[in-house]
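Participant: Those protein sequence lines, which keep their order, are chains P, L, V, H and R.
According to the working numbering, the residues represented by the first sequence are 1 to 263, in order.
According to the working numbering, the residues represented by the second sequence are 264 to 526, in order.
According to the working numbering, the residues represented by the third sequence are 527 to 809, in order.
According to the working numbering, the residues represented by the fourth sequence are 810 to 1098, in order.
According to the working numbering, the residues represented by the fifth sequence are 1099 to 1406, in order.
Accuracy of the hints is not assured; some may be wrong.
Listed next, the in silico SDA-like pairs over lysine to any residue satisfying Cα-Cα at most 20 Å (straight line) [said to hold, decoys possible]:
1. K642/V / I823/H
2. K998/H / E204/P
3. K998/H / A257/P
4. K755/V / K1306/R
5. K615/V / Q673/V
6. K998/H / E78/P
7. K884/H / E1399/R
8. K1306/R / S1231/R
9. K998/H / T223/P
10. K1346/R / K998/H
11. K998/H / N72/P
12. K642/V / K998/H
13. K1191/R / K998/H
Listed next, with one range per pair, are the computed distances between beta-carbon atoms [to be verified]:
14. G1151/R / T963/H: 17 to 23 Å
15. A378/L / W827/H: 26 to 32 Å
16. E273/L / P203/P: 52 to 58 Å
17. A1301/R / L834/H: 55 to 61 Å
18. G1083/H / V488/L: 34 to 40 Å
19. A116/P / G1083/H: 55 to 61 Å
20. E233/P / S449/L: 54 to 60 Å
To be clear about the criterion: a stretch of chain L counts as covered by chain P if any three or more of its residues have a C-beta under 8 Å from a C-beta of chain P, and this derived list gives those stretches [unchecked claim]:
21. 334 to 341
22. 375 to 387
23. 398 to 410
24. 448 to 458
25. 484 to 493
26. 496 to 506
Just so you know, these hints were derived from the structure itself, not from any lab.
In this text, a Cβ means the ideal position worked out from N, Cα and C, and glycines have one as well.
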Amino acid sequence: MDADGAAVIEARDLDLVFETADGPVQALKGVSLSIGRGEFVSFIGPSGCGKTTFLRVIAALEEPTGGTITVNGVSPDEARRARAYGYVFQAAGLYPWRTIAGNVKLPLEIMGYPAAEREERVRKVLELVELSGFGNKYPWQLSGGMQQRASIARALAFDADILLMDEPFGALDEIVRDHLNEQLLSLWRRTGKTIGFVTHSIPEAVYLSTKIVVMSPRPGRITDVIESPLPAERPLDIRDTPEFLEVAHRVREGLRAGHAYDE
Amino acid sequence: MDADGAAVIEARDLDLVFETADGPVQALKGVSLSIGRGEFVSFIGPSGCGKTTFLRVIAALEEPTGGTITVNGVSPDEARRARAYGYVFQAAGLYPWRTIAGNVKLPLEIMGYPAAEREERVRKVLELVELSGFGNKYPWQLSGGMQQRASIARALAFDADILLMDEPFGALDEIVRDHLNEQLLSLWRRTGKTIGFVTHSIPEAVYLSTKIVVMSPRPGRITDVIESPLPAERPLDIRDTPEFLEVAHRVREGLRAGHAYDE
Amino acid sequence: MIWILGSLAAWAALWWVNTRIAASALAERRAGRVAAPLIFGLAMLIVWEGLVRGFEVSPVILPAPTAIAAKFAASLDVLWIDFVQTFVKGALTGWVIGCGAAVAVAVLIDRSPFLKAGLLPVGNFVAALPIVGIAPIMVMWFGFDWQSKAAVVVVMVFFPTLVNTVAGLDATDRMHRDLMKTWNASYWQALVKLRLPAAMPFIFNGLKIATTLALIGAIVAEFFGSPIKGMGFRISTEVGRLGIDMVWAEIAVAALAGTSFYGAVALAERWVTFWHPSQRGGR
Amino acid sequence: MRRVLPVLVVTLAIVVIWYVAAVWLNSAWVIDQAARAGREPSFMDILRGTMNQDRPLLPPPHQVLAELWELTVEKRITSKRSLVYHGLVTLQATMLGFVVGAILGVALAIGIVHSRTMDLSVMPWAIISQTVPIVAIAPMIIVLSNAVGIEGRTVPKTIISAYLSYFPVLVSMVKGLRSPEREQLDLLKTYNASRWQTFVKLRLPASMPYFFASMKVAVAASLVGAIVGELPTGAIEGLGARMLIGSQFGEPMIMWTALFAAAILAALLVVAVGIVQALAARAMGQVAR
Amino acid sequence: ADDLTLQLKWVTQAQFAGYYVALENGYYEEEGLNVTIKPGGPDIAPTQVIAGGGADVTVEWMPAALAARERGLPLVNIAQPFKRSGMMLTCWKDSGIKTPQDFRGKTLGVWFFGNEYPFLAWMSQLGIPTDGSPEGVTVLKQGFNVDPLLQRQADCISTMTYNEYWQVIDAGVSPDDLITFKYEDQGVATLEDGLYVLEDRLADPEFKDKLVRFVRASMKGWKWAEENMDEAALIVLEHDETGAQTEKHQKRMMREIAKLTAGSNGELDPADFERTVATLLAGGSDPVITRHPGDGAWTHEITDAALK
Ligand SMILES: Nc1ncnc2c1ncn2[C@@H]1O[C@H](COP(=O)(O)OP(=O)(O)OP(=O)(O)O)[C@@H](O)[C@H]1O
Ligand SMILES: Nc1ncnc2c1ncn2[C@@H]1O[C@H](COP(=O)(O)OP(=O)(O)OP(=O)(O)O)[C@@H](O)[C@H]1O
Ligand SMILES: Cc1ncc(C[n+]2csc(CCO)c2C)c(N)n1
Ligand SMILES: [Mg+2]
Ligand SMILES: [Mg+2]
């Protein structure tokens, strides 16, 4: 929708096999996908189907065993070196020896933001995820959901072209989740970032995305790619419109098919 | 509903204050709750409101700073020593030096189940969470959702009176989640366990519970306790009935109120 | 001069070869992992030989590797006798007893906070008694033969293993401990199923450091009285006799034995703590 | 008080065992003496005879303490017999060696973690270096540094002390620097953090438990190194020299007091490291459990 | 003044009184020498120190010096202040040892570190194997002190007439309980405490001149020490940096040392040299030296000039 058409991520025929002690595991098989600049792409699929793996391949954290992938026209690794990515991992992965503010500040320190701006950004982004009073706490002093929000804040604190988020809202209640969904949408519209987003919630995927990728497991393949017909401007109650429900239905069918294939 | 009325967990006026470097944090304040034998109680509330803390108090992992709590008429610690609890933590917490099967087997070893029965139970429970082929894998070889399922399997492998589950299905897709919801309900009906269940999903809470506890944060208090009018026998499509939607509505209102209080 | 420059050039060349090995796929295979240190060692030997020849260092100060090798080959029988006496009887026995005791004591004092608070500081004190002070006493108590050497080794390896084990037993995850609690695991169950496995990376640290200490301890202890065999005996005697080539031949035996010993423990570590991030190849 | 009591109890137990052992070990001499004099010693004779021998196999605690007191408190620090003086000499070499050794160990560990070549080729030789009996080459180190024109004992002592202490640091730090989880490393990878940044922000803090465990071992090893380094240097000053002199001149009490002084020094050093560790842990937000 | 460094074989004690006296009484200074005396110790091999350039002259026992010479370190004896050997085996009388042949089956403590040669030569002359077999002796590498005897871990230990023997006595053992075997009396005496330098340096006339002055002053020191034994002992004590030596022990040691230096003006008696070589060559299967070292191993040049 908001995409200007230029492909930012271009994967062709990706294969990825993990070698384990008891034989190889095919995590991705023949995955081809093209993501345009400014698109918001959701990945949905049963647990263990390769969503995380695919995101990791995009971010050059995993080397595919077959196929090609380019990001911004270059290899993922070059894109990584150009600091193209903000990544929210599935587990919060906060550093236990840093406070929440310290954790959020970490990428800013690494990317050399000036000290004053760092403080300002940390303040802003902690406010965004509703953790304002908790900057001085250590990770183990926060609840699970708060930790996850801190890790989202960490990825939003700096300006990455491509935002990869692996189930960022999994541990949040509906209200906060709705709130953060809106925030994310508005951030996306404002900045024109390209976003890859893994979720298990069908409404969330439909509400947020311009494109929904449905995957199925063992071996992990893409079974459906749904372009969303919804407009860019999305109030929360768009979720009750027939268009919305129709897309959601299609996603659910795709998911179910994947499961059927599995069992 | 299925409860036979005798109170298994009886909390009165619980307070819990964490002392941190920058001042005390009141995680629970004046929490009173009575849970009858065989009840299925869901806890729902904004992130950081004290759900995990309350569950930890029940399981004697945290000492309340005020108020009283009894489990089966004795202190939580005595109940713990009588092995009354099965606990699924918010994060999977698998032991990295054990395979998935080894992890599930661990409580059985500790509780002294005979070897043959151990194998049998592990097999059954891994099947239940759809991880049959993965018994020989190590935790880091599994996806996030698979790890979480393994940790659920671990808690279900032995026969605890009281099952405490902290967002067990957070990282699972809808299909698996529905499937596990059904499984859990049938297990509960079959065994008459008392279950404490934290979730962020309103439909899930309403679908599963005999009683829904709504909490609000800072300080963590109980704002509403809703007895479910739904019958014990619950097909998945009960979720479209007006009774169901009404309860869900009430939960949502309670949640929203908590948030309003917060901000 | 030619010798010096030549040896330095050889060093540079071999280092370059190693860089290539490290960068190639060989590094992941056993061949590469064995070849690289050998090449590195070869480079060191060449430099040594070159420098000794270049500067015309007297053989009674530092013999050339070739001279040492010749001596080594000519004295295999003596070296073997010394090896058995010092390594097998002294070092190995002492290592097993000392490390076993350290782990046992760590577990023991860990069980009782009282003992931990009491024994750890006192243990530091006792176990930090320096070897050169202990060796004469052990000879006094346990006689001249290998038993006194083993006793020195016991004292030497005890402390590192203890410190590491205690640190390891404390290095468990909060959630992992809580799980054990909810299952009401007994102390021993939690120990065997959680705390010992979690402590293994630390314990192996201690064990590895202890392997080298054991060898040093057994050899040094022989300086303070011994029967007329053993690596330490030979070294101290030959230094006085200016048989420096024999001294280095014994040092070579010590190096071979020590490295194999360390390697064996490291292998065991790989096998036991395969799950630790440092062993998963996820560098 | 709650922390002192256990130490006292344990110490008391050790003292009791010690006395029993002293009587047992030293009695042989008393009996032997009496036998040569043609007497049959009574138990009380034995007991009395074991408490204050000139050359005891194991001097009883009070004897060591009395001697320690005399040599530390009652002697002028400048006296050649003052253990405070000798202790300071040894402490200086220990600290020098410890600092050099710790820096060397950490530096090598950093190299090994970051360079595959170093990992493959240096580690085995670091191990080999530790299998070389230091006492065997200590004289050579001194002869060589003499030949190079280095006078005085400080340099060779520092070298030996550092040689013994760098290894525990190296082993632990290699492990510690490699202990971050994959996700923690991956996070920094997505930031394209430089190796240096990854090191400072992740590997180093993650390695702290290993670091401090190794520091305690290393500081004790440094002390041993300093003492070993004092043996072949003409045996004049330092606790090592005292031990040797005591052993050499058949004066066990000199040896025992020096031994105890060394152990007390080691204990103090280990405690000091422990305090630094506690401070660091607090600064890093970890609480003592 | 010319600098010169002397390496001692052992720690500062009356065994080296002559050199300390020469230093203290200014004899070296009179000769225009600035002498540094380096004490030795259990880990110090004087031969290695001199090979490494750490000293100009060293005090060494002849067996060790000849063995070093055969190994390619050309040491030359330039003076021999000690005429007689002070080494002996000290045994418990109640061990039943009466003659050397009674050593069979017993445990003997021996100094190694280059000091074992006289013992090995003696045993091979007696035809007693040192392998621990029943008809042979069990040899222990004895440490720095006399504990093995006192603890009865050995039946006999090596002692010097001037030092360790008295440590045994001081430990409360009566001389009547002991029986001693002096190497001197057994006809296996080897020369002790000579002065040695590296052969090639003797080509340098300037160095030779320094040595001449050094030997002259040293012998003056020795003769003074023989005549003023108690004062000499006190001078030694003065130089003992360890503070561990006692006056009583050093005075006694000085008296014993004087017995050994008496009869030497510093010149090596070639007959003593030949006797030492013969003893060492008779080493049986494992001789200390394999061939006669030749007369290059000693020189009278220095003493001739010094004692003129
Ligand atoms: N160990 C601790 N030390 C200090 N504060 C803590 C600690 N554990 C929890 N808290 C605080 O207590 C409050 C309640 O935490 P709790 O984990 O119970 O929340 P929760 O309801 O489980 O939230 P979520 O849904 O995010 O998991 C939070 O504000 C948290 O910061
Ligand atoms: N390091 C690894 N070694 C071996 N197998 C792995 C590894 N990482 C992932 N896998 C396997 O790859 C498959 C895909 O995993 P992935 O983490 O991509 O799943 P996912 O779609 O993210 O699932 P979830 O929703 O549960 O997080 C799984 O079967 C998993 O077991
Ligand atoms: C380790 C060792 N043991 C014995 C001696 C023998 N020694 C040579 S001179 C001398 C003086 C006597 O007190 C003694 C005992 C030695 N040099 N080194
Ligand atoms: Mg995943
Ligand atoms: Mg929680």
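Participant: Determine which of the earlier numbered hints do not hold for this structure and return their numbers in increasing order.
Facilitator: As far as the earlier hints go, 2, 3, 4, 7, 8, 9, 10, 12, 13, 15, 16, 18, 19, 20, 21, 22, 24, 25 and 26 are violated by this structure, in ascending order.
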